[in-house]
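Each protein sequence line maps, in turn, to chains A, B and C.
The letter at position 338 of the first sequence is residue 338 when you use full-length UniProt numbering, and the numbering goes up by one with no holes.
The letter at position 66 of the second sequence is residue 66 when you use full-length UniProt numbering, and the numbering goes up by one with no holes.
The letter at position 7 of the third sequence is residue 7 when you use full-length UniProt numbering, and the numbering goes up by one with no holes.
Read the hints as simulated data drawn from the structure, not as lab findings.
Please note that a few of the clues may not be correct.
Claimed, not checked - If you want the footprint, here are the derived chain A segments under chain C, 3+ residues with CB under 8 Å:
#: 1; stretch: 118-127
#: 2; stretch: 213-222
#: 3; stretch: 341-347
#: 4; stretch: 482-488
Each residue gets a CB set at the ideal place from its N, CA and C atoms; glycine is no exception.
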Amino acid sequence: MTNSIEEFETHSKVIFVIGSNTTACHPLIASRIIKAKENGAKLIVADPRNIQLSRYADFTVHQRLGSDVALLNGMMHIIIKNNWHDQAYIEQRCEDFEQLKETLHTYTPTMVEAITGIAKKDITKMAELYATQSPAALLYAMGITQHTTGVDNVKSCCNLAMLCGNVGVAGGGVNPLRGQNNVQGACDMGGLPNVFTGYQPVADPKAREKFSQAWDCELSDTPGMTITDMISAIEEGKIKGLYVIGENPKLSDPDKNHLDNAFKKLDFLITEDIFLTESAQIADVVFASASLGEREGTFTNTERRCMLTRKAVEPVGNALPDWEIISRFSTALGYEMNYDCPSDIFNEMTSLTKSYQGMSYQRLGIDGLQWPCPTPEHPGTPYLHKNIFTRGKGKFHAIDYKDPAELTCEDYPMLMTTGRMFAHFHTGTMTRVSTSLDSEQKTGYVEINPKDARRLNINTDDMILLTSRRGKIEAPARITDSVPPNNIFLPIHFGENPTNVLTSSTAFDPIAKIPEFKVGAVKIEKLIA
Amino acid sequence: MNITKQVEQLLKQGDVDIFLAYRELDGHLIPHGYTLDNLEDLENLKVSQHRYSLEKVATHLTEKKPNLKIGIVARDCNQRALNLLYTWNQLSPENITPLMVNCCPSQTRNHSDCTYLEPKKTGTFKQKKGIDFNENPREFMDNNDNGQRFSRWMYEFSKCIKCYGCRNICPVCFCTDCSLENPDLVEPGALPPEIPIFHLVRATHMAGRCIDCGLCEDACPAEIPLRFLYREMNRIVSDVFDYTPGAGLEKSPFTIIGNEVTLEPRPMDA
Amino acid sequence: MNCKFVPSVCSYCGTGCGVLFEVIDGKINSTLPLKSHPVNQGKLCIKGWSLHEYINSYMRLKAPLVKENGHFQKATWDEAITHAAKNFNRIKETHGPDAIGVLVSAKVTNEENYLAQKLARAAIGTNNVDHCARL
């Protein structure tokens, strides 16, 4: 997030939520949005599904699955036409506005209505609501990113925010809501194929020299493979060994059948987890990890706030904290790692990472600190790009709408989208063993619009067979108008109804390599018991 | 004698096995159990501005060790909760030693329990919709017709994210099987939870139970005016039975229905 | 009997709500919201309130496992780590460091992610490091 969670409540005049079922997936951020709304901020919700947040939005639209670029371009078209954009901000702080303007020219309300299914007057109203009050915060989640056009969607969000001068101000910004407690931290720590900590490129000789010296070893200058590429490389026999820490790719990655075949080709698989997950079951060695509360360490949340978690109890059985396992494994591989405690590791990391350099366990306390925090006196940074963008000028990207990889056809006449439900989390590893959460929702289901249910003679809890180009799964029906006609929704948490049997591993964003989990074509049939 | 000295004495004389109060950690006040094993912690003992349900912690400790002697730093609300837990056999008065503190005097009562009695600011949207924290339930009922009241509450309930925080934080919610999780009453798995039944089930259970501590409203991510709702329930209980939950050790009028409603102390979680 | 409250941060979504673990005699008994936390201000969602349940689950892995003839056997840490290291070093010697991939985690701490990518880059010698941010 460019901005802070608190600002939605304290500063934002407009909150625009697109592609995020916030009350279910980020409930305590939704809580701030509701409070802001009750204090007078305007709330706009754009989501293909009829989500809870739209019940109290000032304005709600349901764009067709995967039509976000068209919707955002359409809004910008209207904003420019009505002169609602912030010309001074654009001139002072941004570049390439003319190219954007030219592209937007064709995105007339008529054209956008045809692509998104949203009425012309609604697009206009939405644009007016967003652009005529500031600051306006834009919030999104996987509804924007898990598309073949994920990067385009994100850039379009940035275009809109910059167009109205909403980046670099308190209460504004472009705010991706991170789905995992430490996905921000994993990126910041260099858990990516092309960068060291703090996004220092492995291809940059200066960065490599710095880490090479600190770690006392030679370092490869070739960026590595992303998870999506690794799966293909495993299948091609290029990757033989895989070390998976705290993840369950067998359920979280697209196209399960393809994935299962790939995993069989691995020469050696190590998983490190707190449970014997679907992925751990096929491993050659499983390392048993200590969980939250059983070890010390820091997490970085979606607003870049690095926070300390403390040890409350001893690890279960012989489980060890991951930092100890990794250190011992590294030493056994022939590269010695010796740390007494997590704060030693933290201090080594901060000495190599400018944005974390001013942090220490003592300073973090309970409240934590938001990066960048470059010096021990620095108070942390609630919002980014104040006065100047990190890269200098804010760059507009002229982007054209592209269809999702799969549209409906005769064989697969319905569109499927996937996501989370409020009581469970990701692949269900942690939530399905939790009694309270399990009693809330015991199994997977498929949400179907009442119109489709009537047409196909489907009743609540009837077993439905879902078929995509990749495979078939069964799930009980839940009839609800929270999905539009001809669309279905599947929660991703349930191994017995694995949505990743249906999703495609070849439909992914060319840059971010993120799979298109949010749109896929399927066929549904009622199973006769 | 200051409270730290008092606690030290209680522990050293064996009057209590554990004393529940607060300690300061990195600028935050958090609950803490003081025992003879951690006497050095006493210098950090605090009485918190933030309220936690220490009496609920006491019930957790009692489940594990029924005769444990527990001291508690208590305000009015904690004392009311303790009284209620005594009358429902969840704690025994002979095992509990409350040390009363006058933490935050308010204008409404001279020995008051909390800041929550001070008028809370209500958002403009909420005011427009009609539910105003500043209004007392009786005026709210008098000033609005059924239709208005209904639509206001429906709006409030529609915001619920089903966290169960109102129940989880409640010092007087101690049932082993909770009606909110009974699929015959409330359909599981839906967000918001079934309107209005989820909230009305809880509200009914708060009648004759709620000690008006306000922790539920404080814990509600959707800021549903729960305290307001339960106060109205208890206004009826007060009118009909002349009973105020937690005011004393008087048995609840709801026990007249039969002994089976007087629940045995049982572990809270399976 | 001993009872303490230990501050932590919820390990579900990316919001980062402050929690308190109620620890009674060395076991986490319940989870509470930390009232004064800057992120969640004393409120939690259903998952946050149930945070201790997965930690206390009887399904937790309690020892490292090594697969022999298709079946897992409990192992000591030395056995598991030596076995894993031997096989990774064999792959590295035969096929080069880029024949190994490391998936770090959005669930483990910054310190552990730092070490995991350091292990991939320094101990193994590959930049094949990624995690589930995309999923």
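Structure-based check of each hint:
1. 118-127: violated (count 0)
2. 213-222: Since 6 is at least three, the answer is holds.
3. 341-347: Since 3 is at least three, the answer is holds.
4. 482-488: violated (count 0)
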